[in-house]
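Novice: Sequence:
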Amino acid sequence: MNNILVIIRGGGDLATGVAIRLFRAGFSVMILEVDHPTVIRLPVSFARAVYEGKTIVEGVEAVLISSWEEVANIIKLQKVPVLIDPEGSCIKKLSPTVLVDAILAKRNLGTKINQAPLVIGLGPGFTAGEDVDAVVETKRGHNMGRIYYQGQAAVDTGVPGEVGGESKRRLLRAPAEGKIVPLHKIGDLVTAGEVIAEVGGVPLKAEISGVLRGLIYPQSWVTKGMKAGDIDPRGVREYCFTVSDKARSLGGAVLEAMCTYLNKK
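If you count by this note's numbering, then the sequence shown holds residues 4 to 268, one letter each, in order.
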């Protein structure tokens, strides 16, 4: 299976959960990212390698590379290469067996069904049988992780999934435009009303108490209303540094779709 290359577009926490599951199953995996990822859950996102050169999530190391030609060498070292390539220009050159769009932009940003023998899209914005071969449901609930070979995933409602009884209030949104200056670290216990960060001198306050599970990379430029962090009301610090239940579920769905395809072949 290590001769089967899987390219994943996106390196956020959900994409990373998928990557780790496939990596542990024996597949060769690489990540494509943008030059300034706006991921929230940095400790469990391979996108962090874009800022710091490398990162380790649950024992799996991801390394930033400068060219697609470095991919094979990094994979031989049992690591996950991360390449800044938002357009996916390296896909044709590397000829992956599987392409997974895990950008989770709620719309298709350019992934095409003919880019690999098997193309999988995560969440809304894709149509199975048209722009991808399969779509994985990302909405929390009964159908999360379900694979569609025809049609689409549930439409995005704009309402974040409920965690610990909280939905909208658990998200931290930028109060203004500017660079974000954190006053807390991921994993800190915070209380409602506490200032978590400042954006252009404007305080960003927590609406609920819990553990700070996610916060955008320090000094990142944000716009007003942009998602900049996440508080977990369950208050379990360990959850900040391990792959989430949702990410593991989506990883299992992608693995199932791949095995289904390979068995047919």
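Keep in mind the hints are simulated off the structure, nothing from the lab. Honestly, I wouldn't trust all of these hints.
[Claimed, not checked] Restricting the straight-line Cα-Cα distance to at most 16 angstroms, the calculated cross-link-like pairs of lysine to aspartate or glutamate (EDC-like) are: (1) 230 to 248; (2) 96 to 64; (3) 208 to 165; (4) 79 to 90; (5) 82 to 72; (6) 115 to 134; (7) 267 to 169; (8) 227 to 197; (9) 95 to 165; (10) 249 to 165; (11) 182 to 165; (12) 142 to 248; (13) 171 to 210; (14) 79 to 64.
Novice: Now tell me if each hint is right for this structure.
Specialist: Results for each hint:
no. : hint       : result
1   : 230 to 248 : 21 angstroms, violated
2   : 96 to 64   : 24 angstroms, violated
3   : 208 to 165 : 20 angstroms, violated
4   : 79 to 90   : 25 angstroms, violated
5   : 82 to 72   : 15 angstroms, holds
6   : 115 to 134 : 5 angstroms, holds
7   : 267 to 169 : 42 angstroms, violated
8   : 227 to 197 : 19 angstroms, violated
9   : 95 to 165  : 39 angstroms, violated
10  : 249 to 165 : 12 angstroms, holds
11  : 182 to 165 : 28 angstroms, violated
12  : 142 to 248 : 12 angstroms, holds
13  : 171 to 210 : 10 angstroms, holds
14  : 79 to 64   : 13 angstroms, holds
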